[in-house]
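What follows is the residue order along each chain.
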Amino acid sequence: MAGPIKLSGGPGYRAKLRALGLVAPLLIFIVVTFVAPLGTMLVRSVYDPVVADAFPETLELLDDWDGSELPQEAVYAMAAREIKRAGTERTLGQVASRVNRVQGGLRSAITRTERELRDIEQGPWRESMTAIDSVWADPGIWYAIKTTGERFTARHYWNALDLQSLPDGSVVRQPEDRRIYLRLLWRTLMISGLITLLSLILGYPIAHLIACSSPSRANLLLILVLVPFWTSLLVRTTAWIVLLQTQGVLNEFLVTIGLISDGGRLAMIYNMTGTIVAMTHVLLPFMVLPLYSVMSSIPSTQMDAAASLGATPLQAFLRVYWPQSLPGVGAGGLLVFILAIGYYITPALVGGSDGQLISNMIAYHMQTSLNWGLAAALGGVLLLIVLVLYAVYERLLGVEKIGLGG
Amino acid sequence: MGAARLNLGRIAYLGFCTIVFVFLVAPIIVIVPLSFNAEPYFTFTEGMLRLDPDAWSLRWYREIIQSEAWVRSLVNSMFIGTSATVLATVLGTVAALGLAGSAIPARRVIMGVIISPMVTPVIIAAAGMFFFYSGLGLGQTYVSIILAHAALGVPFVVVTVTATLAGYDPNLNNAAASLGAGPWTIFRRVQFPLISPGVISGALFAFAVSFDEVVVVLFMAGVEQRTIPRQMWSGIREQISPAILAVATFLVVFAVLLLLTVNWLRRRGEGGA
Amino acid sequence: MNYCTKSFAFLFVVLLFVAGCGTDESRSVTAVSWGGSYGRAINEGVNIPFAEESGIGVVVEDYNGGLAQIRAQVEIGEIHWDLVDLEIAHAVRGCDEGLLERLDINQLPPSPDGIPAAEDFLAGTFTDCGMGTFFWSMVYAYNEENILSETKPSTMADFFDLNTFPGRRGMRRVPQMNIEFALIADGVPLDQVYATMGTPDGLDRAFAKLDMIKEDVIWWEAGAQPPQMLADGEVIMSTAYNGRIFNAQVLEDQPFVIVWHGQLLSIGQMVIVAGTPRLDEALEYLKFASTPEAMSRVSNRISYSPARRSGASLVATHVTTGIEMEPHMPASPANAAHAVHYDWSWWADHQDELNERFSAWLAQ
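Line by line, the protein sequences give chains Y, B and H. Heads up: the first sequence begins at 1 in the numbering used here, then just goes up one per residue. Heads up: the second sequence begins at 407 in the numbering used here, then just goes up one per residue. Heads up: the third sequence begins at 680 in the numbering used here, then just goes up one per residue.
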């Protein structure tokens, strides 16, 4: 066995093969257990066969319907048949909820139609369906069925970007009161940016202090940073609830020392403040650790040299120390930012209504509205942002630099 | 004048650092005494501050131990965490051996795939896994949660072990080989003992990831697979009682023990190299 | 390498085996309810006695209402929930969408004195897929210790009055019932509420009223949250299920006061999820839960009154404290004098649009 391999590629080839062989099980594992699930979700953002499968012939008849007038009686007859069939196959609910997303109110119209069509065997279908619900006298429902009947669709992405496609094929912005996702995305980026900045302001001095300390003291201080890092996220979130709520430790303390009145307790949690404080606490170690690892490689003698050359401490810091610590700032900043924009747990627990991030909206569409296509599209947008940031990170620093304090 | 300003600056700097350290640690420390509160409140009662023994009690700890749901969630967390850790550690360590050295082709792509569970927002991963595993008929099973947690923990193993291997001298392999040792013997007798601190640290990281994970569990677990974080999630959202603080205290102690172990391993690793 | 593959394969087999052991082959049903003190009452009144009598295990799961989980399970094709305690509007809706099994009231046991179930259940409590369980009200309540003013809240308008009663409010994070509350507070007569909601202007009016307190609302999801937030002083008043407030009053001695004005009176329904592989067990559970004894065991633990006449007649005093239950029941004449009867058919038709509008409104 060794012979042919040697002939074909020499020792380098064999080493490569061995290395790949060692990595392969893990790669396969991750692709199967992680990448494939991500893939199935992204597929959902552009592919939805439910309506197409339930109403195949109606959709075929609607193919050359131009959308301006009501379709022919034949279309109504076919739709009635396929609605009845979807009712017995119990897929009607899924169809109706999809159509309903294009135009509100259609879900109940469609389920009501099915209920009442059960007793009707004969046409004229257009007349009886219109009698059941007047939506059948409006081209809107047919447009909704036709659009949701496309197996492959971009509409979830339009939706995620606050756009909508119109019957004439053009894509326009949603009406003012339905534009929420871009605003939410913007808020997510802003809050994440603020948290990154706060982490930098808080983290930079202590990383510096640790880097300049003697090894034993540095180790002790590092443990203070690592304790929150290792403590369960839920524990830390609970801790902030205990501290910040109206009857919490902090308000109680402020009332006791007389800084605020009993009636004037501060609302520090279940709002955006809660999200920002708790997330900064959670993510601060991710800033400190990369900063520390960069700073500990900056020789302390350089600052002394700068001082002996007449630089004030500020000058010495700005001209000598800061530039050398920039890789740590970049690494920590990007890491905190990447983690922050995908955060779900902390905002969900302490964010109230104005401290929610894009992830919470994804969870809402996953679990409550069941608009899975939209959830997947929002996920796709978020994933794209993270990938771009990750690529920047990798380009600048390399993934091995992700500090774990280990 | 200059010295005075310098001193003032130094005091401000140290003062600021102290505040940041307090910010980091105090919230975690505060919950520990509150978990011994005899009253169902979240604040220090007057009795507690007077150190009145009646104001302190173990009632929340008793409540936890007697609660079937909490005990089951602990067992689940341990079972899922251990299984996921074993899986992640074996796969991650083997892969790290392959990644060490320069032989591996397409290194950036491979590293990108391996690291992806660490940087992908977990809500997206959890949503995808919900569809994927339900489609396979594995919804609400231990298997799917263990596989998911192993995937989330494995990058930590790879990063930690790779870092340890960076300090490993490949000549040792050659030396052992020249003495007639096969690849497996080399790994077992030479390589593994030297990298074991890294492997154990990686395993502890992977365990911590699983032990703390709640989003995947929220999406994929039924009531029978609930873990401690999942139970805490319900507790926080629905009924915060000091019983939660008792669990939190236990988790803090657990985290400190994990941390000290990893720290000790790291220093032993440094000492060895 | 070969060794590694082998050990991996071995490990995988071990995992599958262990997981396989976890799934129980014996008969059981998953019964989903609302958790907290109501969940406890259901456990003690229904689940535990049922498991003892039938030998069928009951896996108890909590949720916070809505059809989402049922829709998801039916659409994915993996049914984990068998029986669900739903709001009536959702039960009707789920039935129309084919998510729920149709029920036949004649399969249910008659009352102890032989009255058939069809006559024993109060009118309107039994629907195509849902068996009426208990009457409940969404009320609002306050903590006497935290309202320091002389005048105490007494009408729905007070809930929206930030000038007289400043402070944060708790409201359920759903549109239903909050829309009604807003209109009642805005002066719409109790019998005109749903007529007003039927007009676009009426809905705009409701949202405008909600806008006035939006900044000061903490939105809750689980029924256990309002008593907790009232006790912690996180809010000065909150909408809540009346039974949760009752439990906090009698079991925890909380100084809570329920405002019986402008509340919504509704009925809960028990349903069976369509396509469950445990249909026989689920039906057996449903029959057991429909008995007057089971219903009254629940009603003697929490202030929700049974949907069956024969069940209501067995309700007397609270099991542990001995408190007379009747004055706390949401359907008692005194309490229901200023109640609005929840129009579930209106909500069955409009839930989607309002969910969408409400979540967009919240996100703004």
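Wrong hints could be hidden among the right ones.
Straight-line C-alpha distance at most 20 Å; calculated DMTMM-like pairs for lysine to aspartate or glutamate [as the list claims (entries may be wrong)]:
| no. | chain 1 | residue 1 | chain 2 | residue 2 |
| --- | --- | --- | --- | --- |
| 1 | H | 893 | Y | 168 |
| 2 | Y | 84 | Y | 53 |
| 3 | Y | 84 | H | 807 |
No lab work stands behind these hints, which were simulated from the structure alone.
How the hints compare with the structure:
| no. | hint | in the structure |
| --- | --- | --- |
| 1 | H:893 <-> Y:168 | violated (38 Å) |
| 2 | Y:84 <-> Y:53 | holds (14 Å) |
| 3 | Y:84 <-> H:807 | holds (18 Å) |
Figure legend: structure checked against the earlier numbered hints; the only hint not met is number 1.
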